[in-house]
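Keeping their order, the protein sequence lines are chains B and A.
Heads up, the first sequence is in this note's numbering, so the first residue is 2 and it goes up one at a time.
Heads up, the second sequence is in this note's numbering, so the first residue is 4 and it goes up one at a time.
Everything labelled a hint here was simulated from the structure, so no lab data went into it.
These numbers were taken from a predicted model, which means no experiment stands behind them.
There may be inaccurate statements among the hints.
Partial chain B-side listing against chain A, Cβ under 7 Å, derived [what the hints assert, rightly or not]:
| # | residue |
| --- | --- |
| 1 | Val22 |
| 2 | Leu23 |
| 3 | Gln59 |
| 4 | Val92 |
| 5 | Asp93 |
Negatives, chain A to chain B, calculated, CB over 10 Å [said to hold, decoys possible]:
| # | residue |
| --- | --- |
| 6 | Leu206 |
| 7 | Gly533 |
| 8 | Arg611 |
We treat Cβ as the ideally placed atom computed from N, Cα and C, and that holds for glycine.
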Amino acid sequence: MNPVNYLYLAALLFTIGAAGVLIRRNAIVVFMCVELMLNACNLAFVTFSRMHGNLDGQIIAFFTMVVAAAEVVVGLAIIVSLFRSRHSASVDDASLMKL
Amino acid sequence: MENLIALLVAAPLLGAVVLLCGGRRLDRVGHWLGTALAGASFVVAVVLFTDMLGRSADDRALHQKLFSWIPVEGFQADVAFQLDQLSMTFVLLITSVGTLIHIYSIGYMEHDERRRRFFGYLNLFVAAMLILVIADNYLLLYVGWEGVGLASYLLIGFWQHKPSAATAAKKAFLVNRVGDMGLSIAIMLMFTTFGTFAFGPVLEATGETSEGKLTAIGLMLLLAACGKSAQVPLQSWLGDAMEGPTPVSALIHAATMVTAGVYLIVRSGAIFNGAPDAQLVVVVVGAVTLLFGAIVGCAKDDIKKALAGSTMSQIGYMILAAGLGPIGYVFAIMHLVTHGFFKAGLFLGAGSVMHGMNDEVDMRRYGGLRKYMPVTFVTFGLGYLAIIGFPGLSGFFSKDKIIEAAFAKGGTEGWILGAVTLLGAAITAFYMTRVMLMTFFGEKRWQPDAEGHDPHPHESPKSMTIPMIVLAFGSVFAGGFFSIGDRFLHWLEPVTGHSHGDAPVSATTVTAATMVVLVIGVAVAWVMYGRKAVPAVAPRGSLLTRAARRDLLQDDFNHVVLVRGGEHLTRSLVYVDHSLVDGVVNGTAASMGGLSGRLRKLQNGYARTYAVSMFGGTAVLIAATLLMRAV
Numbered sequence: 002m003n004p005v006n007y008l009y010l011a012a013l014l015f016t017i018g019a020a021g022v023l024i025r026r027n028a029i030v031v032f033m034c035v036e037l038m039l040n041a042c043n044l045a046f047v048t049f050s051r052m053h054g055n056l057d058g059q060i061i062a063f064f065t066m067v068v069a070a071a072e073v074v075v076g077l078a079i080i081v082s083l084f085r086s087r088h089s090a091s092v093d094d095a096s097l098m099k100l
Numbered sequence: 004m005e006n007l008i009a010l011l012v013a014a015p016l017l018g019a020v021v022l023l024c025g026g027r028r029l030d031r032v033g034h035w036l037g038t039a040l041a042g043a044s045f046v047v048a049v050v051l052f053t054d055m056l057g058r059s060a061d062d063r064a065l066h067q068k069l070f071s072w073i074p075v076e077g078f079q080a081d082v083a084f085q086l087d088q089l090s091m092t093f094v095l096l097i098t099s100v101g102t103l104i105h106i107y108s109i110g111y112m113e114h115d116e117r118r119r120r121f122f123g124y125l126n127l128f129v130a131a132m133l134i135l136v137i138a139d140n141y142l143l144l145y146v147g148w149e150g151v152g153l154a155s156y157l158l159i160g161f162w163q164h165k166p167s168a169a170t171a172a173k174k175a176f177l178v179n180r181v182g183d184m185g186l187s188i189a190i191m192l193m194f195t196t197f198g199t200f201a202f203g204p205v206l207e208a209t210g211e212t213s214e215g216k217l218t219a220i221g222l223m224l225l226l227a228a229c230g231k232s233a234q235v236p237l238q239s240w241l242g243d244a245m246e247g248p249t250p251v252s253a254l255i256h257a258a259t260m261v262t263a264g265v266y267l268i269v270r271s272g273a274i275f276n277g278a279p280d281a282q283l284v285v286v287v288v289g290a291v292t293l294l295f296g297a298i299v300g301c302a303k304d305d306i307k308k309a310l311a312g313s314t315m316s317q318i319g320y321m322i323l324a325a326g327l328g329p330i331g332y333v334f335a336i337m338h339l340v341t342h343g344f345f346k347a348g349l350f351l352g353a354g355s356v357m358h359g360m361n362d363e364v365d366m367r368r369y370g371g372l373r374k375y376m377p378v379t380f381v382t383f384g385l386g387y388l389a390i391i392g393f394p395g396l397s398g399f400f401s402k403d404k405i406i407e408a409a410f411a412k413g414g415t416e417g418w419i420l421g422a423v424t425l426l427g428a429a430i431t432a433f434y435m436t437r438v439m440l441m442t443f444f445g446e447k448r449w450q451p452d453a454e455g456h457d458p459h460p461h462e463s464p465k466s467m468t469i470p471m472i473v474l475a476f477g478s479v480f481a482g483g484f485f486s487i488g489d490r491f492l493h494w495l496e497p498v499t500g501h502s503h504g505d506a507p508v509s510a511t512t513v514t515a516a517t518m519v520v521l522v523i524g525v526a527v528a529w530v531m532y533g534r535k536a537v538p539a540v541a542p543r544g545s546l547l548t549r550a551a552r553r554d555l556l557q558d559d560f561n562h563v564v565l566v567r568g569g570e571h572l573t574r575s576l577v578y579v580d581h582s583l584v585d586g587v588v589n590g591t592a593a594s595m596g597g598l599s600g601r602l603r604k605l606q607n608g609y610a611r612t613y614a615v616s617m618f619g620g621t622a623v624l625i626a627a628t629l630l631m632r633a634v
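Could you put together the complete structure from these sequences and hints?
Here you go:
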């Protein structure tokens, strides 16, 4: 199978994730969309690794996973504490920086 | 010998410091100390003079360098003195008349409780004036120039409890400031042109300097001279300066300080010789002032103001002579010296009259004083004869020479200047005769003063009459002494140079013409003021008389043109500042504020908006990179 198809898939996933981040208001969903974008990147990296025949892309994909795991920890903690204080998981409600 | 020069200045300077810092404990000896130190300076001057006479004409200048004042690479200012024949003439005049007036002031200021301070100021004046005339560079001359200005200010306003005196002092100071501005600009121009401002190098280098630069320097020097010597257009302060005590008017505003302008022009002769345009302006200023002062002098009823008008007019003669170039320099200085004697004598006489008349200055309240004040009458009378140019007296010789020199200028110019000087001589004869007749002749017209005291005219004490007698001797004999055998000409010629010019009329004709106008002037005055009684209240007078009483509207002119003009200028500048400058600044600030207010709206606090801008930005960057690569 042509590896370019995997790249199309990665682009599709990334676009879905980006659209989710921009459009959805629920913090959990936005968060999941961010993960989706990260995984789209991982897929692209792995595909490139395969196309070029070296392992650099795969190594970077591992790094991304580690970073994503760390991000999940911090991000979920923020969302939980936000929910506790404001009784809502909507990102629009957390617009405190607005003048 | 040259080490003595500094002593000339040191003596009166010491007097000023001691008297002004010494406090009340010196009140009883202050006047003696001041007079003694002025006298000491005179003695030193005489010693230096006899020494100078002992040397040949080319070897008479002495130099003394005290110390380096501003020793900077490319800018050397020394405190150094130069005593040549020109400076020597001034030094003798200043110290001799100065000492006499110190003596006179002992009597005149006897009842003034601030007499010590008065003598301190007088000493300060003498010191500053000496610095002015013996400086060997323009910068040190400037120090003296400012020093005499300060002393003049302090002395005009000596009776500062009178608002008129305080105002007059301020007026003199401000008008002089305009002239001083000219001198400082001239010095700066000299420095940029010649790289130095010592007399020697500057005056020698004038030969290879462009005429334009010399004209600029010359005109600035003339502005300075106009301020200090009360010449049109900066003449307005001299009349008001008569608010000062009379000895001050005699010393500063008649004999010495006001002649500093003449000194400056004669000293800078080489500059003016190279700048005919500047010389022409000098001559015009002299001629205009000559008539201006004379006309003002004709209309004033205040004896001191009449004499002030006369001073202005006589200095006009000197400035005119100085503007004629080498034909006139020597005669300008000669008239300056004789004028110093007779005008100081006249002022001291006026002071003596005021002293006897409860400080009354209105000549319409005098009359018939010759019986009460014989010494004052005789000395004043001799001064009067000298100033109108009575044959054989000082003014006859010196003024005659100036009139001759004016004719010798040649061409139409010479005829015009000659006519102006002759007309001036006629008016001089008129107003001085008027002063004489109103004061000493006719019926007595004095009245009780405001408190009901009748004046008891009496002769002044010896301390006042002796200086008057000495000055009267000078008024009578100085001119003849200078002129016979051209003594003064030979004395000054090595410094100022001299040329005869070609007179279209002979000297005898000029003298005859002068005599004719003199007789006409005296006769007209006699018809108007001698033959019939002088009214005690001034008649309304013609339009010209009324204008002349107001100093030919000089103050009105200054008010309308300078004060109003200045106000309008500042107002329009403020308007421009408010509307244009502030407008630009405030407009920039307001537009920045408005713009940022609008930009602020972009920061709405929604995380999504920021995410969009990040995505958008990244997309643009990637698109741009791809596009660049494709190209």
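Comparing the hints with the structure gives:
Because the smallest distance between the Cβ of Val22(B) and any Cβ of chain A comes to about 6 Å, under 7 Å, the interface hint for this residue holds. With a cut of 7 Å, the hint placing Leu23(B) at the interface with chain A holds, because the nearest CB-to-CB distance is about 6 Å. Evaluation of the Gln59(B) hint against chain A yields a violated restraint, the C-beta minimum of about 24 Å exceeding 7 Å. Nearest Cβ of chain A to the Cβ of Val92(B): about 5 Å, under the 7 Å cut. The hint holds.
With a cut of 7 Å, the hint placing Asp93(B) at the interface with chain A holds, because the nearest CB-to-CB distance is about 6 Å. The beta carbon of Leu206(A) sits about 76 Å from the closest Cβ of chain B, which is more than 10 Å, so the claim that it is off the interface holds. Non-interface call for Gly533(A) relative to chain B: holds, since the shortest CB-CB distance, roughly 96 Å, exceeds 10 Å. At roughly 6 Å, the least C-beta separation between Arg611(A) and chain B is not larger than 10 Å, which violates its mark as non-interface.
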